[in-house]
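Student: The lines below spell out each chain.
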Amino acid sequence: MKYLALVYYDEKLMQQKSQQEWDALNQECIACVENLSTSGHFITGSPLMPTNTATTVRVRDNRVAVTDGPFAETKEQLAGFYMLEAKDLNEAIALAGKIPPARYGSVEVRPVRELMEEGNQAGGNAG
Amino acid sequence: MSMPDIFQVRLQEIYQTESRRVLATLIRLLGNFDLAEEALHDAFAVALTQWPTEGIPDNPRAWLVSTGRFKAIDQLRRKARFDVSYEDVAERLQSELTTEQEEAHSIEDDRLRLIFTCCHPSLAPEAQLALTLREVCGLTTEEIASAFLAATPTVAQRIVRAKAKIRDARIPYEVPEAQQLPERLDSVLHVIYLIFNEGYSASAGDKLIRHDLSAEAIRLARLLCQLLPEPEVEGLLALLLLQDARRAARVSADGELILLEQQDRALWDQQQIREGCNRVLRALASRRFGPYSLQAAIAAVHAEADTMENTDWPQIVGLYDALLAMTPSPVIELNRAVAVAMRDGPEQGLQLIDALLARDALTDYHLCHAARADLYRRLGQKEEARAAYRRALELAQQGPEQRFLASRLAELESD
Numbered sequence: 001m002k003y004l005a006l007v008y009y010d011e012k013l014m015q016q017k018s019q020q021e022w023d024a025l026n027q028e029c030i031a032c033v034e035n036l037s038t039s040g041h042f043i044t045g046s047p048l049m050p051t052n053t054a055t056t057v058r059v060r061d062n063r064v065a066v067t068d069g070p071f072a073e074t075k076e077q078l079a080g081f082y083m084l085e086a087k088d089l090n091e092a093i094a095l096a097g098k099i100p101p102a103r104y105g106s107v108e109v110r111p112v113r114e115l116m117e118e119g120n121q122a123g124g125n126a127g
Numbered sequence: 001m002s003m004p005d006i007f008q009v010r011l012q013e014i015y016q017t018e019s020r021r022v023l024a025t026l027i028r029l030l031g032n033f034d035l036a037e038e039a040l041h042d043a044f045a046v047a048l049t050q051w052p053t054e055g056i057p058d059n060p061r062a063w064l065v066s067t068g069r070f071k072a073i074d075q076l077r078r079k080a081r082f083d084v085s086y087e088d089v090a091e092r093l094q095s096e097l098t099t100e101q102e103e104a105h106s107i108e109d110d111r112l113r114l115i116f117t118c119c120h121p122s123l124a125p126e127a128q129l130a131l132t133l134r135e136v137c138g139l140t141t142e143e144i145a146s147a148f149l150a151a152t153p154t155v156a157q158r159i160v161r162a163k164a165k166i167r168d169a170r171i172p173y174e175v176p177e178a179q180q181l182p183e184r185l186d187s188v189l190h191v192i193y194l195i196f197n198e199g200y201s202a203s204a205g206d207k208l209i210r211h212d213l214s215a216e217a218i219r220l221a222r223l224l225c226q227l228l229p230e231p232e233v234e235g236l237l238a239l240l241l242l243q244d245a246r247r248a249a250r251v252s253a254d255g256e257l258i259l260l261e262q263q264d265r266a267l268w269d270q271q272q273i274r275e276g277c278n279r280v281l282r283a284l285a286s287r288r289f290g291p292y293s294l295q296a297a298i299a300a301v302h303a304e305a306d307t308m309e310n311t312d313w314p315q316i317v318g319l320y321d322a323l324l325a326m327t328p329s330p331v332i333e334l335n336r337a338v339a340v341a342m343r344d345g346p347e348q349g350l351q352l353i354d355a356l357l358a359r360d361a362l363t364d365y366h367l368c369h370a371a372r373a374d375l376y377r378r379l380g381q382k383e384e385a386r387a388a389y390r391r392a393l394e395l396a397q398q399g400p401e402q403r404f405l406a407s408r409l410a411e412l413e414s415d
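So the protein lines, in turn, are chains R and P. Sequential numbering of the first sequence, starting at 1, is according to the UniProt record's numbering. Sequential numbering of the second sequence, starting at 1, is according to the UniProt record's numbering.
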């Protein structure tokens with residue numbers, strides 16, 4: 001049985017952290033992934049860039065509609081996830097537009113962030 | 001004129017015609033909006049000191065691009081003393097240096113890339129507007145803020161965030177591929193239309209027309225038309241030209257609104273109308289036109305009539321039918337209702353407007369109540385007309401419109 005663990009936090013609170021605190025937390029995350037990999041429990045995972053980098057894609061009448069920001073339709077619930085490799089946002093949007101549920105609900109596209117030992121982007125006081 | 005004066009004038013001209021082109025190319029070369037803006041300023045600063053003694057180069061644009069790029073490399077090298085990660089970027093820029101000839105051909109493409117990047121649909125609409133006016137048109141943040149009645153820090157923040165999103169979400173600096181073009185072009189056309197609209201009828205404040213913004217929108221539409229001659233681009237340009245052609249007749253000497261029926265049609269700009277009409281015909285003939293071309297066709301029918309009565313109302317109603325089929329909207333229904341009233345009489349128009357209000361559309365739209373008031377006035381039903389004018393007046397936000405409605409109301413009350 002596979003399980004998806006989704007991470008939620010209050011971005012505003014996290015942005016109040018100092019760069020040092022933020023980097024320390026990211027180092028903990030790297031260690032956590034290493035432990036889970038060693039024990040064979042880790043399949044895939046990644047942190048994301050903050051929500052202000054989000055783009056929402058919907059397909060209606062065969063037309064791709066692109067809007068700024070994370071989707072905020074509370075009637076819709078998380079139904080799955082795709083980790084995509086794309087050269088830029090336009091390619092990511094084109095790929096997201098091919099995900100079938102984009103015709104019924106919405107697909108949020110957000111860049112993945114790299115976990116670094118230090119200088120982690122946007123989340124500590126850097127953002 | 002003395003030599004320094006001639007030089008100043010020439011430099012000013014070069015700044016006006018070339019600065020946006022140079023910026024567009026620098027953004028592509030440097031891959032960074034802020035660095036490109038800095039480089040542009042640096043390049044002009046060097047020109048200001050070098051050109052008076054060494055003369056203006058044969059190709060100022062290419063000179064500015066290459067000077068700007070060298071300045072950016074210097075800048076990155078200086079930053080690299082504190083942060084080594086800049087060294088790689090500086091290295092890459094140094095190694096990618098191309099000749100001026102190689103550069104020249106892609107400069108017009110760069111302007112198109114800049115427009116599409118600023119109008120990317122994954123940026124919020126307000127951010128698209130602000131970024132386009134800032135980067136493509138070269139307006140200052142203060143000018144944009146005052147045009148849209150926003151606080152300067154708010155606009156500045158919108159621009160900063162938009163640039164950060166372009167960088168972090170990796171919005172590419174490119175003209176979309178053919179299959180993506182229709183929907184991407186929509187946002188570009190929409191932004192130009194919004195800029196024009198703000199100029200044609202300011203959303204608030206005491207001035208009805210902001211000619212600077214209308215002119216900027218027309219300039220952008222013309223540029224886009226040259227760079228990307230799609231029928232709907234031509235349709236949008238035609239629409240803007242035809243609307244703007246009535247500018248001199250739309251407002252009285254003391255800044256009051258003059259409705260279409262009272263306008264002195266001799267003041268309409270006939271040359272602009274001819275150009276608009278020709279462009280509409282071309283757009284419609286392509287059979288690949290969209291809603292802007294149809295709106296332009298409606299404006300063209302108005303522009304070609306010598307009086308309100310001699311307007312081809314059946315044709316206008318027909319064009320509204322086509323427009324509604326393409327993009328259903330209550331505002332278009334309202335405009336169609338007004339045209340129907342002209343074709344069939346005020347009662348027919350009122351029926352359509354009342355049907356709109358009955359389904360709770362446009363209840364708070366002042367022009368809906370103003371149109372209703374006018375039709376009652378024409379029928380001689382003063383009581384209903386007064387009530388509708390009062391409702392319109394409550395909802396109107398703009399000085400000249402409020403004064404117009406108040407004067408109509410006063411006329412009815414004095415009878």
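Think of the hints as simulated: they come from the structure by calculation, not from any bench. Backbone N, C-alpha and C define an ideal beta-carbon position, used for all residues, glycine too. Don't take every hint at face value.
[Stated by the list, open to error] Listed next, the in silico EDC-like pairs over lysine to aspartate or glutamate satisfying Cα-Cα at most 16 Å (straight line):
{"hint": "1", "chain 1": "R", "residue 1": "Lys87", "chain 2": "P", "residue 2": "Glu174"}
{"hint": "2", "chain 1": "R", "residue 1": "Lys87", "chain 2": "P", "residue 2": "Glu38"}
{"hint": "3", "chain 1": "R", "residue 1": "Lys75", "chain 2": "R", "residue 2": "Glu118"}
{"hint": "4", "chain 1": "P", "residue 1": "Lys79", "chain 2": "P", "residue 2": "Glu108"}
{"hint": "5", "chain 1": "P", "residue 1": "Lys71", "chain 2": "P", "residue 2": "Glu13"}
{"hint": "6", "chain 1": "P", "residue 1": "Lys382", "chain 2": "P", "residue 2": "Asp344"}
{"hint": "7", "chain 1": "R", "residue 1": "Lys87", "chain 2": "P", "residue 2": "Glu177"}
{"hint": "8", "chain 1": "R", "residue 1": "Lys17", "chain 2": "R", "residue 2": "Glu118"}
{"hint": "9", "chain 1": "P", "residue 1": "Lys71", "chain 2": "P", "residue 2": "Asp109"}
[Said to hold, decoys possible] Reference listing, derived: stretches of chain P covered by chain R, where coverage requires no fewer than 3 residues with Cβ under 8 Å from a Cβ of chain R:
{"hint": "10", "stretch": "119 to 127"}
{"hint": "11", "stretch": "165 to 177"}
Student: All hints, please: hold or fail.
Tutor: Do the hints match the structure? See the list:
As the CA atoms of Lys87 (chain R) and Glu174 (chain P) are separated by approximately 13 Å, the hinted pair is consistent with the 16 Å bound. With a C-alpha separation of about 27 Å, the suggested pair Lys87 (chain R) and Glu38 (chain P) falls outside the 16 Å cut-off, and the hint is violated. Pair hint Lys75 (chain R) plus Glu118 (chain R) does not hold up; C-alpha atoms about 38 Å apart against a cutoff of 16 Å. As the CA atoms of Lys79 (chain P) and Glu108 (chain P) are separated by approximately 31 Å, the hinted pair breaks the 16 Å bound.
A C-alpha spacing of about 22 Å is found between Lys71 (chain P) and Glu13 (chain P), which places the hinted pair above 16 Å, so the restraint is violated. Only pairs whose Cα atoms come within 16 Å are accepted, and Lys382 (chain P) paired with Asp344 (chain P) is rejected, the gap being roughly 21 Å. Only pairs whose Cα atoms come within 16 Å are accepted, and Lys87 (chain R) paired with Glu177 (chain P) is accepted, the gap being roughly 14 Å. Of the pairs offered as hints, the one joining Lys17 (chain R) and Glu118 (chain R) holds, with about 14 Å between alpha carbons and a cut-off of 16 Å not exceeded.
Distance hint between Lys71 (chain P) and Asp109 (chain P) is unfulfilled; the C-alpha atoms sit about 23 Å from each other, more than 16 Å. Only when three residues or more bring their CB closer than 8 Å to a CB of chain R does the claim for the stretch 119 to 127 of chain P stand; here the count is 7, and the claim holds. Remark: the stretch 165 to 177 of chain P is confirmed as covered by chain R, as 8 of its residues place a Cβ nearer than 8 Å to a Cβ of that chain, reaching the required three.
Violated hints, listed in ascending order, are 2, 3, 4, 5, 6, 9; each of the other numbered hints is respected by the structure.
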